[in-house]
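S.K.: Now for the letters of each chain:
Number of protein chains: 2
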Amino acid sequence: MKDIHGFRETSQTVTLECSGNGRVYSDPPVPGLQWEKGAVGTARWTGVSLRDVLSRAGVKPTARHIIMNGADSPPGSVPDFVRSIPIEKATHADTILAYQMNSADIPVEHGFPLRLIVPGWEAASSTKWIVCIRVSETEADGYFMRNAYRIPNRPVAPGTAVDAKDMIPYTALDVKSIFTSPLEGATARIGSPIELRGFAWAGEADITRVEVSTDFGRTWSAAALDADKAKYAWRRFRHVWKPAEPGSFVVMSRATDSQSRTQPIAAKWNPAGYLYNVIDKVRINVQA
Amino acid sequence: MKDIHGFRETSQTVTLECSGNGRVYSDPPVPGLQWEKGAVGTARWTGVSLRDVLSRAGVKPTARHIIMNGADSPPGSVPDFVRSIPIEKATHADTILAYQMNSADIPVEHGFPLRLIVPGWEAASSTKWIVCIRVSETEADGYFMRNAYRIPNRPVAPGTAVDAKDMIPYTALDVKSIFTSPLEGATARIGSPIELRGFAWAGEADITRVEVSTDFGRTWSAAALDADKAKYAWRRFRHVWKPAEPGSFVVMSRATDSQSRTQPIAAKWNPAGYLYNVIDKVRINVQA
Chain A
1 MKDIHGFRET SQTVTLECSG NGRVYSDPPV PGLQWEKGAV GTARWTGVSL
51 RDVLSRAGVK PTARHIIMNG ADSPPGSVPD FVRSIPIEKA THADTILAYQ
101 MNSADIPVEH GFPLRLIVPG WEAASSTKWI VCIRVSETEA DGYFMRNAYR
151 IPNRPVAPGT AVDAKDMIPY TALDVKSIFT SPLEGATARI GSPIELRGFA
201 WAGEADITRV EVSTDFGRTW SAAALDADKA KYAWRRFRHV WKPAEPGSFV
251 VMSRATDSQS RTQPIAAKWN PAGYLYNVID KVRINVQA
Chain B
1 MKDIHGFRET SQTVTLECSG NGRVYSDPPV PGLQWEKGAV GTARWTGVSL
51 RDVLSRAGVK PTARHIIMNG ADSPPGSVPD FVRSIPIEKA THADTILAYQ
101 MNSADIPVEH GFPLRLIVPG WEAASSTKWI VCIRVSETEA DGYFMRNAYR
151 IPNRPVAPGT AVDAKDMIPY TALDVKSIFT SPLEGATARI GSPIELRGFA
201 WAGEADITRV EVSTDFGRTW SAAALDADKA KYAWRRFRHV WKPAEPGSFV
251 VMSRATDSQS RTQPIAAKWN PAGYLYNVID KVRINVQA
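Same order as they appear, the protein sequences are chains A and B.
For the first sequence, position 124 (counting from the first letter as 1) is numbered 124 according to our numbering, and the numbering increases by one without interruption.
For the second sequence, position 87 (counting from the first letter as 1) is numbered 87 according to our numbering, and the numbering increases by one without interruption.
Honestly, the hints are just simulated from the structure, not real lab data.
Model, not experiment: these values are computed from the prediction.
Yeah, the Cβ is synthetic: ideal placement off N, Cα and C, and Gly gets one too.
Treat the hints loosely; a few may be bogus.
Pair by pair, the computed Cβ-Cβ distance ranges are [unchecked claim]:
{"id": "1", "chain 1": "B", "residue 1": "Val78", "chain 2": "A", "residue 2": "Arg189", "range": "50 to 60 Å"}
{"id": "2", "chain 1": "B", "residue 1": "Pro31", "chain 2": "A", "residue 2": "Asp80", "range": "49 to 59 Å"}
{"id": "3", "chain 1": "A", "residue 1": "Asp72", "chain 2": "B", "residue 2": "Thr187", "range": "45 to 55 Å"}
{"id": "4", "chain 1": "B", "residue 1": "Asn153", "chain 2": "A", "residue 2": "Asn153", "range": "30 to 40 Å"}
{"id": "5", "chain 1": "B", "residue 1": "Tyr25", "chain 2": "A", "residue 2": "Leu33", "range": "28 to 38 Å"}
{"id": "6", "chain 1": "B", "residue 1": "Tyr25", "chain 2": "A", "residue 2": "Arg8", "range": "40 to 50 Å"}
{"id": "7", "chain 1": "B", "residue 1": "Thr187", "chain 2": "A", "residue 2": "Gly41", "range": "22 to 32 Å"}
{"id": "8", "chain 1": "A", "residue 1": "Arg189", "chain 2": "B", "residue 2": "Ala230", "range": "25 to 35 Å"}
{"id": "9", "chain 1": "A", "residue 1": "Glu245", "chain 2": "B", "residue 2": "Asp206", "range": "46 to 56 Å"}
{"id": "10", "chain 1": "A", "residue 1": "Ala244", "chain 2": "B", "residue 2": "Lys165", "range": "52 to 62 Å"}
{"id": "11", "chain 1": "B", "residue 1": "Lys165", "chain 2": "A", "residue 2": "Val162", "range": "48 to 58 Å"}
{"id": "12", "chain 1": "A", "residue 1": "Ala227", "chain 2": "B", "residue 2": "Gln34", "range": "46 to 56 Å"}
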């Protein structure tokens, strides 16, 4: 750690999203932790640029990947959690070996004393409790690269068993938004304004627009984006709705990013339920 | 029938849609015939304006509804199929007592010798095998007005048991489109144009636009509308898609009408599954 502190310090505010966020909405269902919308968070990470460390160590021109291992030891027969990322992302100035989270030592559950932060990529790339980084000509060979965190190389029909050779690693996050308030089944009153709030993010891209619909997805209004903005962080959005009639309504949010990506209406199903980013929906019951 | 032929003849091309069209897509499911997309059709109906017949018969200013009965006799304990429509719709020039369908006597299954055509309204209003039309100060009192063909007077949460006093008759059709070709699960080839075809209708309103999406509902292109056009009839639409990559894609159609109504992304669920008009979806598998 002393050596690490010898490099120039740098910080990034980064939204980390679990690849399986929203997996519970897969239809047909897929195995794995049945994440709803919560497997995502944002923090300010401080550490040193991995590029500086790799540069000091010396990297051969044949290097194509870095392979990371953490101090965690898996239970039972679970393989060791070893992942790799391509050298281009590893040597990007924004990829950080972080020792602080929100201006304090990283809590143990978040990777103390040192974790990798791979901004804009699915969170499993951001290895916690780093003990070893190895440079390699090939990607990591274990379960967590060969089998997990892979998606089909083309959209597949729901329920399809996809051949391993047709799967590719899932890397940068897609565009997505979720409501955080009110929650599903909330109650509102006719004529009383209710603030619909949430977050939108797009991995390595910027959020350019969030729209909200309060009429089952027929018409859309631009939500306001909060001023807070960081290259790899989510944007808060809010939209005030004054319900004009009683009933049970589905309100929706739809984000668009600087790569012109927009949230879809129907999901690209995949065997692990990764990348779920369908337009978010919350039901609100309006009383007279 | 001889008396009927004494009135001035008139024709309308009318799309008749069963109220329960798409009922099978209700979630949670609802009882009733599990209609998919087929319970709709269009024909040219020829007969006489019901207004002329009512005018000759003489209608008191207190008349508010007409009550229709047909020659069908219900099986077992099913109540007689008696329906009513408000006097305003009954005396509209376009409401027809029809004796021809597509320039021939109406086939028995379509209501020979005489059926009512209530253009733009759900098809159950268009009573077949007419034997009696009665003018009344109140709507019909039987099962098929008091219980059936009614929708909640506000959007309700899916699965809700709605109080009878909160139900209103379902009358004019909503805006809707369906694909007719290709069918669900069809195969296409990269680089080979495939024509996506279907129909769009809007009851008493006109279809002003049909859009098609071939990327899970992210982006939309205007479909071409065929020149054929009639006040109460569906419009054919077509859109040529040249798939650029292999995979399993959900293509979608979305119609908009002259009342600015557009098909929704999520359904207003109701206990009988009426009015289902969510954006249509067909899965197409593109091969290399």
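S.K.: Look at each hint and say if it fits the structure.
M.R.: Structure-based check of all given hints:
no. : hint                               : verdict
1   : Val78/B with Arg189/A: 50 to 60 Å  : 43 Å, violated
2   : Pro31/B with Asp80/A: 49 to 59 Å   : 54 Å, holds
3   : Asp72/A with Thr187/B: 45 to 55 Å  : 46 Å, holds
4   : Asn153/B with Asn153/A: 30 to 40 Å : 50 Å, violated
5   : Tyr25/B with Leu33/A: 28 to 38 Å   : 30 Å, holds
6   : Tyr25/B with Arg8/A: 40 to 50 Å    : 58 Å, violated
7   : Thr187/B with Gly41/A: 22 to 32 Å  : 43 Å, violated
8   : Arg189/A with Ala230/B: 25 to 35 Å : 45 Å, violated
9   : Glu245/A with Asp206/B: 46 to 56 Å : 26 Å, violated
10  : Ala244/A with Lys165/B: 52 to 62 Å : 22 Å, violated
11  : Lys165/B with Val162/A: 48 to 58 Å : 53 Å, holds
12  : Ala227/A with Gln34/B: 46 to 56 Å  : 52 Å, holds
In summary, the structure is inconsistent with hints 1, 4, 6, 7, 8, 9, 10 from the numbered list given earlier, while agreeing with the others.
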